[in-house]
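All chains, please: the whole structure from these sequences, using the hints.
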Amino acid sequence: MTTNIMIVGVGGQGSLLASKLLGQILLSAGYDVKVSEVHGMSQRGGSVVTYVRYGDKVYSPIIDKGEADYIVSFELLEAARYVDYLKPDGHIVVNTQQIDPMPVIAGAATYPENLVEKMKAAGVNIDAFDALGVANEAGSVKAVNIALLGRLSRHFRFTQEEWEAALEKCVPPKFLLLNKKAFELGRNN
Amino acid sequence: MKELMLGNKAFARGLYEAGCLVASSYPGTPSTEITEEAAKFDDIYCEWAPNEKVAMEVAFGAAMAGKRSFCGMKHVGLNVAADPLYTMSYTGVNAGMVIAVADDAGMHSSQNEQDSRHHAIASKVPMLEPSDSQETLDFVKKAYEISEEFDTPVIVKMCTRVAHCQSVVETGERVEFSKPYVKDIAKYVMMPANAKKRHPFVEERTKKLIEFAETSGINRVEEGDSSIGIITSSTSYLYAKEVFGDKASVLKLGMANPLPVKLILDFAAKVDKLYVIEELDPIIENHCKALGLEVIGKDALPITGEFSQNLIAEKLGIEKPEGLKLDEELPMRPPAMCSGCPHRGVFYVLSKNKITVLGDIGCYTLGAAAPLNAMHMTLCMGGSVSSIHGFNKALGEEAEGNNVAVIGVSPFMHSGMTGLANIAYNQSNSTVIILDNSITGMTGHQQNPTTGYNIKGDPAGKIDLEALCKAMGFNRVRVVDPYDLAATEAAVKEELAANEPSVIISRRPCVLLKYVKTNPPLSVDTDKCRSCKMCMKLGCPSISFKDGKAHIDNTLCTGCGVCRQLCKFDALN
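Chains A and B supply the protein sequences, listed in that same order. Under this note's numbering, the first residue of the first sequence carries the number 761, and numbering increases by one thereafter. Under this note's numbering, the first residue of the second sequence carries the number 2, and numbering increases by one thereafter.
Everything labelled a hint here was simulated from the structure, so no lab data went into it. Every value quoted in this text rests on a predicted model; they were computed, and no experiment measured them. A few of these clues could be false.
As the list claims (entries may be wrong) - If you only want the chain B side, here are some residues facing chain A, beta carbon under 7 angstroms, derived:
#1 Arg-162
#2 His-165
#3 Lys-242
Heads up, the beta-carbon is just placed ideally off N, CA and C, and yes, glycines get one too.
Now the structure itself:
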């Protein structure tokens, strides 16, 4: 059995650290793990996707439509964009922050309203929260990635200590306290 | 120790463990991190070369000298390096030489999705094709052994989903390698008399390599249900295993060239129905058909784009999972030039003056996107400079004074220089704008010959662009700051009006470079804003309209001040 986690957001939001942390804790737990990301053109403020897959043996590097157990989204519109990747009983953890894409900025399109309600109506198990606010409370907007992972961690069997041990392996010491706090606030608040 | 490692990093690890001593590459997604990671090992000399042809010739020189060597590039880079490759196949090597080529099925970050296996076949050079990080590490080491045993360079073909996927690897220790250099005119001087003797060697080598492919274990059979047999390679293998598990037998080909014969025939004989699952071109499929086998391949599976588990399932009539549906029209989120990008000012001026722009490969290709719409051709590295000459030769006075070539500084060093020499030599009234942003941006900030730093960030030689252009014979070479719209527009208009070829160097470092100090963000004085939307013509991600007035996102704005120059009402400060 393979479990599939998608991390989606806008280029430059810090999804690489989030996938690194997940990869670290899953590898430590003895799973086979694959983490796929796309570099290059997608980084210039475009939509970005990272796939994290784990289990006894993982073949494909990517997650396809209808396969995701969890989608962690750094931005509201990006969560909506990938709903069709979610298994019917899957979960979305989403930061309620909205970042206008270029067509909206240029006035060629509008940012859709009430996306959380619309996703709920479509049958999505959705946990929407202000990860940016949590990150700010922890001390830096840059910790939004770890705040989101703290929230996701509620769905996993790993203890807070195990997550913190993984954090220690992924984060430089001077940012460790900040990230531990963001994780804890995301997980427990 | 087991660790999660990016495919490209595993490649670099393989180079390290194999005792590679010299690595020369040109950056290109998705191959760039191989050389960046290799540069972290002090035991490997690493460099960014001006282009892939130079990189391959550097690696060749090192291999001939008796040290294991490497060069890396993306798929289109192998076209540039094809010239030395095809003859290197004849000379062979001394110590091993490994070439990385990274394909990009799906064109995540490329201008085409050519299948690099054709180059291996045409140059008669062996090619290995790993499907995950552990195989990448192992295959790189194996490639050096093959290179030395069969006296040939060896290509290891990566692709986006192997290069940019982290999977579990076990690492080993470095083993140093060295062979003496011995002069050998007959082997290394490829004039006709010598080359004629080397060609039969190449054909004999291919026969031996086919024997190797039959038995070496790099191609392997995974027994499963015999009702279905699948011949596959690379990521297609991973997708096929995901779909079929052990409900099919699989022949996994780790060697893309040359392909085995007996192994395939024996495998085919044991299964009822035979599929060939391969991305892009039907190379394995055509090989099987030439052997007289009946296979299902491209008649069921697409020849374009990248595969996935669902795609294979759907095309082969197997049930695939269904996701939830959200019935909502969602705006796209395309990439855009960053806030404060120095290229924006140039493209605004070109757009405003309705100038025809022949462009090149880099971040600035985004100048083609709305609202600037200021690029009308993008072909290949350096193509802008050569093509503007042809454009002007074709249209003469009809077009003169209303078109420019725009090229980044890294593609200019790569192959824009030769096109510029052609303009100087064959004299067309062309204007070339070189965007000098002090780095190679698109691939993630690599140094190049104009930056003054090497791959490790240490001081290095620095090409003087102005002196270079003048030495080629350009009388009109000027430098502008693209943050200064008036100066940029004046330069463009004057150089287009001049009756001789000219070069404009638009000079301002990439705003994402760590040493670049940005200004405080601007804000909108809503009392002064008359909603004319002039500032919106820049396509800056920081500027939007809220409640009928311009709005600046102060988390994104770098205070470049370009929008302020457009505002007639002094509302942006």
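These are the hints, each one checked on the structure:
1. At about 5 angstroms, the closest approach between the beta carbon of Arg-162 (chain B) and any beta carbon in chain A falls short of 7 angstroms, and the interface hint on this residue holds.
2. Nearest Cβ of chain A to the Cβ of His-165 (chain B): about 6 angstroms, under the 7 angstroms cut. The hint holds.
3. For Lys-242 (chain B), the suggested interface contact is upheld, since its CB lies about 4 angstroms from the closest CB of chain A, less than 7 angstroms.
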